[in-house]
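Asker: What follows is the residue order along each chain.
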Amino acid sequence: MAAYGFARFSFAGKHHLAFWILSTRFAPPVAFIVPIYLMVQKVGLLDSHIALILIYTAMNLSLVIWILRGFFAEIPIEIEEAALVDGYSRLQIFWRVAVPLVRPGIVSTAILSAIFSWNEFLYAMVLTQNRAATLPVYLAGFSSSMGLAWGEYMAVGTMAVLPILVFTFALQKYLVRGLTFGAVK
Amino acid sequence: MPRIEFKGVSKTYPDGTRAVADLNLVVEDGELLCLLGPSGCGKSSTIRALAGLEAVSEGVILADYNRIDHLPPQARDCAMVFENYALYPHLTAFENIAMPLRARRLPMPEIKHRVTKIARMLRIESLMGRRPSRLSGGEKQRVGIGRALVREPAMFLMDVALGHLEAYLRVELRAEIRRLQERLGITTIYVTHDQGEAAAIADRIVVMSAGRLQQVGSFLDLFDRPVNRFVAEFVGEPPMVFLPVERTDADSLAIKGIQIPLSESLRAALRATKDSALILGVRPNDISVVKPAAEHLNGEVTLVQPRGDHVIVAVNTPSGPVTVIVPSDQRPVAGTTIGLTFAGDGLHLFDSAARSLLYNREESSG
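Chains as they are written, first to last, in our numbering: chain A, 230 to 414; chain B, 113 to 478.
Treat the hints with caution; some may be incorrect.
Which residues of chain B face chain A? A partial, calculated answer using Cβ under 10 Å [claimed, not checked]: (1) 179; (2) 203; (3) 265.
Chain B regions said to be covered by chain A (calculated; three or more residues, Cβ under 8 Å) [claimed, not checked]: (4) 162-176; (5) 211-224.
If you only want the chain B side, here are some residues facing chain A, beta carbon under 8 Å, derived [said to hold, decoys possible]: (6) 183; (7) 185; (8) 186; (9) 191; (10) 194; (11) 196; (12) 198; (13) 200; (14) 201; (15) 202; (16) 206.
Think of the hints as simulated: they come from the structure by calculation, not from any bench.
Beta carbons: idealized from backbone N, C-alpha and C, even for Gly.
Using the sequences and the accompanying hints, generate a full structural model.
Answerer: And the structure:
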């Protein structure tokens, strides 16, 4: 919805706000690791799923808004004007016209952020011990001073790649549509 | 069906462009009115303001004497057809036409009944299951018209609706639009830059230029009695020929020293004005081709375009290019020199500085 707002309405400081949202992606994640660790510790969420979920959501949100904004902006404005004269309100247009039209965009953005979260290593390593450890963290556990446990490494590596692979193949149709979205007319 | 009135309507865009300036216009109940003008003349802005897609900067819009310019588009009961169709790409033709009815939460059997009825009128029943991407341009615009008419709106607005279609489809669809509009009695505003289209379907035509209304009237009104040089030039195909003339006397005119025979009423109009910078306007079919002679305006034929029973001849004269319509059997050969004479009763006279009209051709010849 934020993305739709950015794509369609003009308001004071729009470009500054959009840029500010993107700027949250500028700094390397390492720069925030200490404050975030302290924050998570304060609220007692170390080594929990909810902490990672919240952080990944926050991290991906800016990217998602920017990508979806592009998709929304590509909907010909006349289609929404047609919906306006057909008797729909702005909110109805958002749900009944704009969202169905950018569905491929939503799917490809979802895949992208799922992959980002799935593969994220740094925060997962610092914030989890073993209860909420993600696969990349678990994977890293196989390299020890005793050398690399190649067998286990490979097995878990394959397991780690599989869900994303399956996910991507299943939604490939939408991904391709998402990339060629400009060809609506 | 309402009577629509624009009262002093102006539209200025944030970048300072004045798209519509002080428009006063009444569209009668059930009338089909054409807004005609070149691109950027404000005709689209006018109907977008009526539909509620643009806010007016000044003035009011009334429907049956009630102000509507402050209402949101949903509350105005305008249906609109767009130049690029603007169908919902994710819905079938049936669902596209049903959308305005769904917005009004009609029961499903009623929706089905009305969509089927309008589809039959537009002869697109067999396409109802298809998505817009599988329809041709003409079919898409039929669906667009169906979507607009299905809810029997108070006002029907068409924004260059046939602009993207091939010529023969345009002719076919405009006849259909006129038939439907008459049958349903919907007040319609039709925006076009094609004067043939406007002449074919409109009750009245409004000519606009640079945001200003120039003239309102039937096609023949505009053609025979243009109020200014813009209308004279814009209406009529090929356009009116303009020639700078000198005053040789209180009531006689000459082009490059060649006297022009004038009618008595034109002489009277001439005596009433003191201007000396005058422009003569004459329709290409009021010019005759004769043998070149000293007492005629002579010129070289540069181009002959066949048009069936007549040809359009471009002639280069000392006063500038002139277009003449000649019957096919009398057509001249390109490269030869011909003489031109003007029918005395087919002349219009304009003030060259103000571009305003001083005299129109006589009524009887129209």
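Asker: Does each hint fit the structure? Answer for all of them.
Answerer: Structure-based check of all given hints:
1. A cut of 10 Å between beta carbons decides the hint on residue 179 of chain B: the least distance to chain A is about 19 Å, and the hint is violated.
2. Against a cut-off of 10 Å between C-beta atoms, the interface hint on residue 203 of chain B holds, since the closest Cβ of chain A lies about 8 Å away.
3. A least Cβ separation of about 9 Å between residue 265 of chain B and chain A falls short of the 10 Å threshold, and the interface hint therefore holds.
4. Only residues whose C-beta sits within less than 8 Å of a C-beta in chain A count toward coverage, and the segment 162-176 of chain B has 3 of them, enough to reach three; the restraint holds.
5. Given a C-beta distance limit of less than 8 Å, the hint that chain A covers the segment 211-224 of chain B holds, as 4 residues qualify and 3 suffice.
6. A least Cβ separation of about 12 Å between residue 183 of chain B and chain A goes past the 8 Å threshold, and the interface hint is therefore violated.
7. Because the beta carbon of residue 185 of chain B sits about 4 Å from the nearest beta carbon in chain A, less than 8 Å, this interface hint is met.
8. With a least beta-carbon distance of about 5 Å to chain A, the hint placing residue 186 of chain B at the interface is held under the 8 Å criterion.
9. The criterion of a C-beta within 8 Å of any C-beta in chain A is met by residue 191 of chain B, whose closest approach is roughly 6 Å, and the hint holds.
10. Hint status for residue 194 of chain B relative to chain A: holds, with the closest Cβ pair at about 5 Å, below 8 Å.
11. Below 8 Å, beta-carbon pairs count as interface contacts, and residue 196 of chain B has one with chain A at about 6 Å; its hint therefore holds.
12. Given the 8 Å rule on beta carbons, the hint for residue 198 of chain B holds: about 4 Å separates it from the nearest Cβ of chain A.
13. Interface restraint check: residue 200 of chain B against chain A, minimum CB-CB distance 6 Å, threshold 8 Å, status holds.
14. Taking 8 Å as the C-beta cut-off, the interface hint given for residue 201 of chain B holds, the closest approach to chain A being about 5 Å.
15. The closest approach between the C-beta of residue 202 of chain B and any C-beta of chain A is roughly 5 Å, which is under the 8 Å cut-off, so the hint is satisfied.
16. The criterion of a C-beta within 8 Å of any C-beta in chain A is not met by residue 206 of chain B, whose closest approach is roughly 15 Å, and the hint is violated.
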